[in-house]
Amino acid sequence: MLWLALHFHSLSLEVFSRGAAVPEPLVVVEKQGGRTWVVACNGAAEACGVHLGMAAPAAQGLADGLIVCKRDLSAEQESLAGLAVWAGRFTPSVSLEPPDGLLLEISTCLSLHRGLANLLKEARSGVGEMGYAATMACAPTSHGAWLLAKAGIEKAVRETARLETILAALPVALLGQPPAVLEGLERIGAQTLGDCLRLPRGGVARRFGQALLDELDLALGRRPEARAFFVPPASFERSLELPAPVHTAEALQFAVRRLLPELEGFLTLRQAGVQELELVCRHERRNNTVIKLGFAKPTRDAGRMQLLLRETLGRTRLEAVVHTLVLRAPLVLPLSASSADLFQKTREADGDLLLERLRIRLGKDAVYGIETAADHRPERAWRPARGPKRAAEPNRHRPLWLLPKPLPCHDGSLKLTSGPERIESGWWDGGDVARDYYVAEDKSGAQLWVYCDRTSGEWYVHGVFA
Amino acid sequence: MAYAELHCLSNFTFLRGASHAEELVTRAHELGYAALAITDECSLAGIVRAHVAAKEVGLKLIVGSEIRFKDGPRVVLLATNRSGYGKLSSLITRGRRSATKGRYKLELDDLADGLPGCLVLLFADPLPALEHAQAIAARFPGRAWLAVELFRLPDDAERLAAASELAAASGLPLVAAGDVHMHIAERRAMQDTLSAIRHGVPVFDAGDALHPNGERHLRSFSDLAQLYPQALLDETLAIAARCQFSLDELRYEYPEELVPPGETAIGYLRRLTEDGLLRRFPTGTPDKVRAQIEHELALIEELKYEPYFLTVHDIVRFARGRGILCQGRGSAANSSVCYALGITEVNPSCMEMLFERFISRERNEPPDIDVDFEHERREEVIQYLYAKYGRDRAALAATVISYRPKSAMRDVGKALGFDLEQVDQLAKSMAWWDGRKVNPERLAEAGFDPANRKVAMLIRLVDELVGFPRHLSQHVGGFVIARGQLSQLVPIENAAMPERTIIQWDKDDLDALGLLKIDVLALGMLSAIRRALDLVSAKRGQPFAMSDVPSEDPAVYDMIGHADTLGVFQIESRAQMAMLPRMKPRRFYDLVIEVAIVRPGPIQGGMVHPYLRRREQVEPVTYPSEEVRGVLERTLGVPIFQEQVMQLAVVAAGFTPGEADKLRRSMAAWRRKGGLEHFERRLIDGMLERGYQEDFARQIFMQIQGFGEYGFPESHAASFALLVYVSAWLKCHEPAAFACALLNSQPMGFYAPAQIVQDARRHGVEVRPVDVLASEWDCTLEKAEEGTHALRLGLRQVKGLSLEGVACLIATRAQGPIESVEDLARSGIDPRDLKCLAAAGALTRIAGHRRKAYWDVAGIERAMPLAMGHVAEPQPDLFPLTEGQDLVADYASIGLSLGRHPLALLRDRLQRERIVTSEELSGLPHGRLVRAAGLVLNRQRPGTASGVTFLTLEDETGHVNVVVWRDLAERQRRALLGARLLAVYGTLERHGEVAHLIAGHLRDLTPLLGNLVTYSRDFH
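Chain order of the listed sequences is P and L.
Taking the numbering used here, the leading residue of the first sequence gets 1, the next gets one more, and so forth.
Taking the numbering used here, the leading residue of the second sequence gets 1, the next gets one more, and so forth.
Since the hints were made in silico from the structure, they are not lab data.
Treat each hint with caution, since some may be false.
[Claimed, not checked] Derived lysine-lysine pairs resembling DSSO-like cross-links, with alpha carbons at most 27 Å apart:
{"#": "1", "chain 1": "P", "residue 1": "LYS405", "chain 2": "L", "residue 2": "LYS454"}
{"#": "2", "chain 1": "L", "residue 1": "LYS55", "chain 2": "L", "residue 2": "LYS406"}
{"#": "3", "chain 1": "L", "residue 1": "LYS406", "chain 2": "L", "residue 2": "LYS101"}
{"#": "4", "chain 1": "L", "residue 1": "LYS388", "chain 2": "L", "residue 2": "LYS507"}
{"#": "5", "chain 1": "L", "residue 1": "LYS406", "chain 2": "P", "residue 2": "LYS31"}
[Said to hold, decoys possible] Where chain L lies over chain P, by a calculated footprint (3+ residues, C-beta under 8 Å):
{"#": "6", "region": "270-282"}
{"#": "7", "region": "414-423"}
[Claimed, not checked] The following label-pair restraints were derived from C-beta to C-beta distances:
{"#": "8", "chain 1": "P", "residue 1": "ARG35", "chain 2": "L", "residue 2": "GLN617", "range": "21 to 31 Å"}
{"#": "9", "chain 1": "P", "residue 1": "GLU46", "chain 2": "L", "residue 2": "ASN439", "range": "24 to 34 Å"}
{"#": "10", "chain 1": "L", "residue 1": "GLN226", "chain 2": "P", "residue 2": "HIS323", "range": "53 to 63 Å"}
{"#": "11", "chain 1": "L", "residue 1": "GLN226", "chain 2": "P", "residue 2": "GLY65", "range": "53 to 63 Å"}
{"#": "12", "chain 1": "P", "residue 1": "LYS443", "chain 2": "L", "residue 2": "ASN439", "range": "54 to 64 Å"}
{"#": "13", "chain 1": "P", "residue 1": "PRO98", "chain 2": "L", "residue 2": "ARG974", "range": "35 to 45 Å"}
{"#": "14", "chain 1": "P", "residue 1": "GLY65", "chain 2": "L", "residue 2": "VAL994", "range": "13 to 23 Å"}
{"#": "15", "chain 1": "L", "residue 1": "GLN226", "chain 2": "P", "residue 2": "LEU407", "range": "19 to 29 Å"}
{"#": "16", "chain 1": "P", "residue 1": "ARG35", "chain 2": "L", "residue 2": "ARG974", "range": "50 to 60 Å"}
{"#": "17", "chain 1": "P", "residue 1": "GLY65", "chain 2": "L", "residue 2": "GLY32", "range": "57 to 67 Å"}
{"#": "18", "chain 1": "P", "residue 1": "LEU407", "chain 2": "L", "residue 2": "GLU30", "range": "34 to 44 Å"}
Please read these numbers as outputs of a predicted model, since none were measured by experiment.
No residue lacks a Cβ here, since even glycine has one placed at the ideal position from N, Cα and C.
Please construct the entire structure, taking both the sequences and the accompanying hints into account.
Right, dumping it as structure tokens:
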């Protein structure tokens, strides 16, 4: 057996930064014990003095223009699964070591990849292309390889005896043991795995539990291991959040390149190809732009895909900035299968056809419902509602028709019939009003809602009673 | 036209009222109102302020309260006379006592007795049920009204009509009222903000929780006339005329049970005094003291203050009986009577104090005696008071907790919709030294643009909100004790602490009404002194009390003169230590001055340097007149005590003693409220008239301003000076006992256990480590060679160790020898406690070094019940910790180390960087450029020192005093506030024995400490 361990030491950062180069200082933060801590940071942030384990506000104080991202565990999970899919190109025996590791059993596929050195080179460049970084180590046991990779010892160790020597020097903190056990080991001065191995086994088991011994044994190959292997999903869809919004289609290419190797690994693992790809660009407050790529024949060649993408993107004009990119293979075909068009699109009729049509005709914002809002200022006491809303209690002192904007009123013949109602509110948003409202009747007998602005003394018409 | 406002909330109706009581009173007076009722919701907490302000401007104030009944309508109750006031106060007490802190619960049935002496206004909005209106009318015959409140809303007319109908149906007459929440309409934004804070939503989401307009202010007559029928306005005057009660009618009645039956109060006091004199002066009372006693007793009898002295005497007697050390201070404390009664220890024959200075005929205010008790045992005294007088007669005074910039920033920030992190940033940007105003620069530093509209709004509102009361908390120890029901005098409510009750008035309120209060305070130093005296007694085999401490010992003054005062009461602070080598105190009165002079008052008033120059005879001692000489002679012509400033106002500016006292009160409050200006004119004119130079007059006024709330009265200083002397004597002659007592009284004082131990060892005390075989819970003294004693660290130093664990350990130790961890474990001590002991290195004698001990202890944890006996297992080879690791473990577990100082371990490295030790520093001349480094012991930025920060660094040879000027502090804020190990490059400044390092550059060396945990005591 020979295991290759990949430790993605910066995964929590890369899920945010791999879409594009981020020159600004960037940190990933996580809430723990009521405070927010820095759990990852990029080089620019480090240069400002930010370091791991720092309180988030302190980091903000150090670096101007610091980008702060909340740790996204599900994105990390998704990334790791994507990486596992990609790793399928090397071996079908890929195992996850959450949250940030992959373990590949490679003894059977070395010759296919022209030897270990070549395989490692391929793996490293593949990881880099996707915008990740990993430390890699090989060992006869999966856990041994993993400990080496976590320790940053990028070695390929083939013999168990040598593995034991190297592992013995590693710090105990690398072990996957609960904090209480690690603290206990520190208390007795056991700093390395070797220190642990030198302790009487019975005594260790009594004090620190069998699990510690099991882990050490596993790493050294003194205990058989049973790892579950990764089963790839049936279809492919991967999204990539862009650290900074992208304006041009060309700029998207960089990001797409990050996703293609995963697709390729996926297809290799499935012995399949695609004939159509969808690139979905997500915008803020706007419908997605969907760019479709069609191939003459099913393919899994990342190079070909990239070529076609470049051309297509070159001809595409983006209507808005893109914040997230999704690469989707709606249909995976056996590579040998025919390229016949297997699917036809049918469009579901929208529930509310009239509304849809009106909106298309008049513009999306021209058709809306209304709802009341709790604000004393009449013009802010209602707001557009997207969906149907429960009707609010009508206020009998307010007119049904409120003018879009109060109109100056110089009609001296108005007769004030009731009032004043004094409204003074809204200082907090720059729209402070101080008005005395009256109901007035004009010559034609129409009931108007007028007010006198208490600051300027000017009169305005604000509404008409039905 | 005339009007009286009968419904008005001050900001003591928390988060509703948007104006101070004083503002409301002043505005009502300006508008020409016939009267103003302050009717805070179920509270009289703001009424005394309003009363004082109303008296000042000559406005009639009505005492009342708004109440919302759980089961019914909302009313305002107004007191017409003293008994009605008592009823109202009792009702509020009932409501407050039956709910948790800050809430109240009352039902209509609570009005069953009709509250004779009170009037009631039932509010017409929302319209109450007819049955409620009829019930009120029946319970308050001829004393109830239906109050209509109109705010220019569209349905005003309809509401007036509905109210009239109800009035007709129920027989209640109508009256106008204003539901006033603010004194002027411009407070609208503030009022909206308070509503938003109250509802816990941002103001833009508060919607209908906000009032639709700003009409709830004190409105002008013309506004009112437009809204209300004349008859309703006139009715307010009729009601106001019936309210004849004034707070001036409140008379305090002393408890009377202290006098034994058949004796008069003065006779009993005289008897106690004579008994005391026999004890104090077994060989006969000196004539001077005798004369003074007679004078004082005559004055006490004339002013009927006997019960006060008897009350204090009773408390002190109780404490003494329990062996609780206590000492009185305060204006009346330093009288000969108090000395005879055992309330104080300052011998009047050593002091030249005039009792009359502290109790005056003219002032007509109760004497003031504060009694300090050992901080850990004060609760016993409080419980004694509750038991003796009962909870309906004794309660603690309130302390009004007001908005400060930080809390205001937090609440307003949230109300304006800043997000939580921003609010935190904002609040944090307000450092503890930034004072009461928002500093826009600080906001800019924290990344907020002060020019931004929202930020500008925030600053304005925060400035307005600062000083608003937030809630009532308990005073540190001010007790009010009444002859009868206290709730007839002032409402009592629940405090946050269970079983604690407080009255709704604070110290200033009590003062303003001339009500008596006894301060039962906690003082850590008394605990330490008592412990030290006990240790010395045990050591010497005979009782050794405070009175056995020899007075005026030159060795003690020598020690003080070298600023060797770590741990000594008061004079251990950085500023005091800097002063001592210049002051060189040689007698008790010097200590009195020392205590008083290093205070913000004298420092800000610029008294310190003139005094020192005169003391060092660099400057001649002169007086502008004989009268002034009389006042200032004992302090070399420089006013140092609060009383001297008041006396100066009398002798040099022609103030009456009553006026001088008013001046003193204003001095205490001007920082909060301002209002010294008219005294300034009066004082300076008065002094010019009497032929003093304008310069001198201005200087005196400046000194008065500087005194502010910080000036020390001579009597306080004298009581404190006594503790200074006693603690210094103990440090000088019984250093082991003193250090031991300090450690056992932690937390207190300026220094942490690590420094106390360092200091004791520097003075030759042998300190022994925490040891499971020898240590008690407290630190103890153990016999050492040649009749000396060593200090054994106690288990109290061990972090995380439980009290049960210690009890278990000590019980086991009593049963037989402990030879192994297993012996210990058999006692049933919790494995967690064992781990703490191992971490502390306390198991060394039974298990070896920390690692071995931990191995043994961890083996216990998973073992079977201990009856199973010994499990044979091989012992691993565990290496002992290195010196550095041991040090880290020491600090982490017991907060100090008996090993070498951390800096000693780093010295080679520091030396390469040309960093010198504090010892080397003391041999270097003035003006030398030097580098020093040390653990940061404390940071101080006195409000008086215009932005200077003082740091104390500690290295293996002693302390380094560092001065950081403001511009450097701003530039290197991070290193200054964050570093635990700091290097300072700077210039040595030396005046005689006093040396300071003036910082030019700071370097944060904290990373060199690795995992070492150290703490700095920063005074906020």
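Comparing the hints with the structure gives:
1. P:LYS405 <-> L:LYS454: holds, 25 Å
2. L:LYS55 <-> L:LYS406: violated, 34 Å
3. L:LYS406 <-> L:LYS101: holds, 23 Å
4. L:LYS388 <-> L:LYS507: holds, 23 Å
5. L:LYS406 <-> P:LYS31: holds, 24 Å
6. 270-282: Since three or more residues must qualify, the claim that chain L covers the region 270-282 of chain P is violated, with 0 doing so at under 8 Å.
7. 414-423: holds (count 6)
8. P:ARG35 <-> L:GLN617: 21 to 31 Å: The hint (21 to 31 Å, Cβ to Cβ) is violated, given that P:ARG35 and L:GLN617 are roughly 58 Å apart.
9. P:GLU46 <-> L:ASN439: 24 to 34 Å: At roughly 32 Å between Cβ atoms, L:ASN439 and P:GLU46 fall inside 24 to 34 Å, so the hint holds.
10. L:GLN226 <-> P:HIS323: 53 to 63 Å: Check passed, 58 Å falls within 53 to 63 Å.
11. L:GLN226 <-> P:GLY65: 53 to 63 Å: holds, 57 Å
12. P:LYS443 <-> L:ASN439: 54 to 64 Å: With a Cβ separation near 60 Å, P:LYS443 and L:ASN439 satisfy 54 to 64 Å, so the hint holds.
13. P:PRO98 <-> L:ARG974: 35 to 45 Å: holds, 37 Å
14. P:GLY65 <-> L:VAL994: 13 to 23 Å: violated, 47 Å
15. L:GLN226 <-> P:LEU407: 19 to 29 Å: Distance hint for L:GLN226, P:LEU407 holds at roughly 27 Å.
16. P:ARG35 <-> L:ARG974: 50 to 60 Å: The hinted range 50 to 60 Å is violated for P:ARG35 and L:ARG974, with Cβ atoms some 19 Å apart.
17. P:GLY65 <-> L:GLY32: 57 to 67 Å: holds, 59 Å
18. P:LEU407 <-> L:GLU30: 34 to 44 Å: Holds, at about 39 Å.
Checked against the numbered hints listed earlier, the structure breaks hints 2, 6, 8, 14, 16; every other hint is satisfied.
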